[in-house]
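J.: Residue numbers (my numbering), protein chains in the order written: chain A, 1 to 430; chain B, 1001 to 1286; chain C, 2001 to 2292.
Watch out, some of these pointers could steer you wrong.
What the hints assert, rightly or not - Cut-off 27 Å, straight-line C-alpha distance, at most; resulting in silico cross-link-like pairs (DSS-like, lysine-lysine): (1) 2067(C) / 64(A); (2) 160(A) / 328(A); (3) 62(A) / 115(A); (4) 413(A) / 301(A); (5) 120(A) / 139(A); (6) 427(A) / 2067(C); (7) 301(A) / 316(A); (8) 156(A) / 139(A); (9) 2067(C) / 413(A).
These aren't lab readings, by the way, just hints derived from the structure by calculation.
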Amino acid sequence: MDRRELLGGAAALAGSLALPRGALAQSATEISFFYPVAVGGPITKLIDAFAADFEKENPSIKLKPIYAGTYQETIVKALTAHKSGTPPVTSVLLSTDMFTLIDEDAIVPFDPFIKTEDDKKWLASFFPAFMENSQTGGKTWGIPFQRSTVVLYWNKELFKEAGLDPEKPPATWAEQLEFAQKLTKKDASGNVTQWGIQIPSSGFPYWLFQGLSTQAGAILANAAGDKTNYADPAVVEALQYWVDLAQKHKVHPPGIVEWGTTPRDFFEKKVAMMWTTTGNLTNVRSNAKFPFGVAMLPGGKRRGSPTGGGNFYLSKKATPAQQEAAFKFIRWITTPERAAQWGIDTGYVAVSPAAYETAAMKAYASEFPPALVARDQLPHAVAELSTHENQRVTKALNDGLQAALTGTKTPQKALEDAQAEAERILKPYR
Amino acid sequence: MSAVQPQAPAARSDPYGPKGLALTLESTGAILLALIWILPLAYAVWAAIHPSEYTTNFVLTAPLTLGNFSRAWAAAPFARYFLNTFVLVTMILSFQLVLGTLAAYALARHDFWGRDVAFALILAQLMIMPDALIVENYRTMARLGLVDTITAIALPYIASAFGIFLLRQTFKTVPRELDDAARVEGANPLQVLMKVYVPLARPTYIAYGLVSVSFHWNNFLWPLLVTNSVEARPLTVGLQIFSSTDQGIDWAVICAATLMTSAPLLIAFLLFQRQFVQSFMRAGIK
Amino acid sequence: MNTRATATVHGWLLLLPAMACLALFTHWPAVASLIESFYSTPRGRRPARFVGADNYQQMLADPIFWKAMSNNLWFALGTIPTSIALAMLMALWVNDRIVGRTWVRMSFFTPTILPMIAVANIWLFFFTPQYGLLEQIIQAFGGSNTNWLGSQDTALYAVTIVAIWKEAGFFMIFYLAALQAIPPSLGEAAAIEGASRWTYFRRVQFPLLMPTTLFVLINAVINAFRMVDHIFVMTRGGPDNATTLLLFYIYQVGFSFWDTAYAATLTCVLLLLLALVAFAQYGWLERRIHYR
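Build out the structure end to end from the sequences listed, making use of the hints.
T.: In structure tokens:
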């Protein structure tokens, strides 16, 4: 190719690409919409289909869904876009990012949009456990959409081999340890070939740990999001239990367990029980070549699991017309029928009790009962750890957990250090 | 065996070329290291052409499939990512060559006030690489309204100290007489540049072009930050977003996607590897 | 006099496009980072204010910063000499008429072509405990399990190995080109004098490769500070920051904690480090290199 030709082409392209996105003709209200994908399956196709249906019913609104990566990447994108002036009108971001988004002055509460009785009924229709992470200071800042909790998956075949009842998952910490001991297998040279249990600890260990700490009776942060309890004795006890599984009882792999490979470990029968998100249900169902069960997490002093996943947020920098249109879309997509469909297709927990009463969900649950476990666990669920400067405060805990799990600090010391760091960060917010 | 074989008379003999046992040892060493080096690619091929349950079990009788490729292709708009990356590397390279040529010509053959300062300022970029300045550069792009465009990915890289430096060295080796002869014929400085210097620096352009293309084809951090949408996202970012579902890693599909996305460069290198090395040699990048 | 003025105008006109870009995307951001490092991070409605050296004090008291610095130092010490030595060895090998030369050369070069972000996933599999490739091999020889990426003792080594694998083949090309440019007459002369293969390498080839080594060294140093792509996939800086490198930490602070002022402070340290390295290299090595 002639280089001059190439250059001309590149320059023309540069010109056309430099056009700001918003400069397109705006006859309809355009809503850009960032969302992450955190589970497998054709999520982008499902969202595109929802968007097309919505546009058909509301021709005056043009919906532009943008798949922005993982949760981490999506919030990075949404906030950088906010800082540079053209944020998406609505985004699905972690429920725990609420305080951060408020502090950055990036979102508006939903309350002004709740006008009619019907609106109020809709707002009250969500599971209360999910609203804990969506409201603060008497205002609603997020609407639950793709929400999950942690559950325990077990391999029934391996249970049978170990002489355990394949239909009975562990219900307490003691049982969990006892089962795991029976399920751990070693070869002649002493190498473990099959672990009893595995709780992933890469990336965001705090989330799974929150299951343990809740079961130990602790709450990791206050509702105002400006004080953490990392060094509480119950929290130390929870971490000690986790560390002991690996280091003392040797029924859990030592060091950090990779979140991404945990389902594969389970499929390869390298582990008999795993803790992971309900969002993995569809994945496990299609890839496990053996019968498996799904159960609530075992209880310590009580049962418990954090909720997780994403909420809808409304951008402050959008025009009132755009916000109104986005609100309409959010209401539309969270109706019981659509919430049920979304839950069935993805494995997420449908966000309202009414969704579980729909015909589609009932049919699905009778065919595949594990789909109901997450819902049944919700009464025991607590809000996911969320504070001001959330990323930094949870990183302090993550670092502490990883230090204890890799054996460089005792649980006590690791959590004290994490608490000190969290104190330093949160002090200005009180 | 080869020790007693006479050297082919036509080839100039290399007195230090290994023979006999030395050759065997050296070849074995090289092949062993090469095996380690090719292992990730070999594994990618294995995982990509077998069903998912064989990604970690190396059974020779495992059934073959192309399903992973079609799943990967359907799961993300790779065609669009390809186009974006192609536009991106073309844009960067063409600007780098034009800006680099002009600047290198000035530095190599013009004696003017402030030249050494300018050269030092340019060389500073060899150390202050654009990757270190992601925070500030993002802000600049936001001010220019360029966030989420291919132009924004390209801009920090289009003036390349490395390219200017290489071309300056090459231009310096062009005999002055050729320059003078062209001027006597009435060519202006730009014509001299185009008619004398550029054609003689061809190997440098090729070698530099290859380095630039392979670098920007694979660049990740800056494009990750500055793009949001499918319309601007290059292959690497698309690949990362595609493979990082929190749900767990499916190596079969990831490997298929990796092979698809690297295929153009791999094939190009296979076809042109001799010319590639030769252009490096002639370019004097050594 | 007049021609000098004309030359200056011409010279600067030619330089203008490149200098403008460099000023906008290299010089200005570097200066802006320095300025910003003396201000606080604006948040919501609170604007930035001048805080003097507060950010630097915070940095000196930040254990993660020191961890990232020491990690980066070990990462540099691990990658730079090893990849250069391997590159030289590879080039010497494929420069000889060894068996399967074309194939070997291609193998060495493939890592350069494959995107780091993609091969990191493959390396993740190699390092996976129990059924990962490395473990399968070790177990076949009766070794014991290691959680390569999940233990603080081995995680940094693991990401260092990936970096060496990635860059050695790229550097090899430069050495190969340099070796092929050495006149064969030098080898013949050395042979007549009865020099051994090792002496020939040490006294002739190695010194002639020095300019290449300088060039490769600069690249290796820069790479030691900019290669973080695989960290995103393999460890995200964990366990407990054991694989957090400086640039990765800058990304985290800047784009995940939104503490842009602190990110600017870290950026200044990175720039300072690179500048020191540059001075050391130009000053010290320039004198030791035998230019032809």
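J.: State for each hint whether it applies.
T.: For each hint, the structure was consulted:
Distance restraint check for residue 2067(C) and residue 64(A): the Cα-Cα separation of roughly 42 Å exceeds the 27 Å cut-off, and the hinted pair is therefore not satisfied. A hinted pair counts as satisfied when its Cα atoms are at most 27 Å apart, and residue 160(A) with residue 328(A) does not qualify at roughly 51 Å. Restraint check for residue 62(A) and residue 115(A): satisfied, since their Cα atoms lie roughly 24 Å apart, inside the 27 Å limit. Restraint check for residue 413(A) and residue 301(A): the C-alpha separation of about 23 Å stays at or below 27 Å, so the hint holds.
Taken as a hint, the residue 120(A) and residue 139(A) pair is honoured in the structure, with Cα atoms around 13 Å apart against an allowance of 27 Å. Simply put, residue 427(A) and residue 2067(C) have alpha-carbon atoms about 24 Å apart, close enough for the 27 Å limit, and the pair holds. Between residue 301(A) and residue 316(A) the CA atoms are separated by roughly 42 Å; this puts the pair beyond 27 Å, and the hint is violated. A hinted pair counts as satisfied when its Cα atoms are at most 27 Å apart, and residue 156(A) with residue 139(A) does not qualify at roughly 45 Å.
For a cut-off of 27 Å, the pair hint linking residue 2067(C) to residue 413(A) stands: about 18 Å separates their Cα positions.
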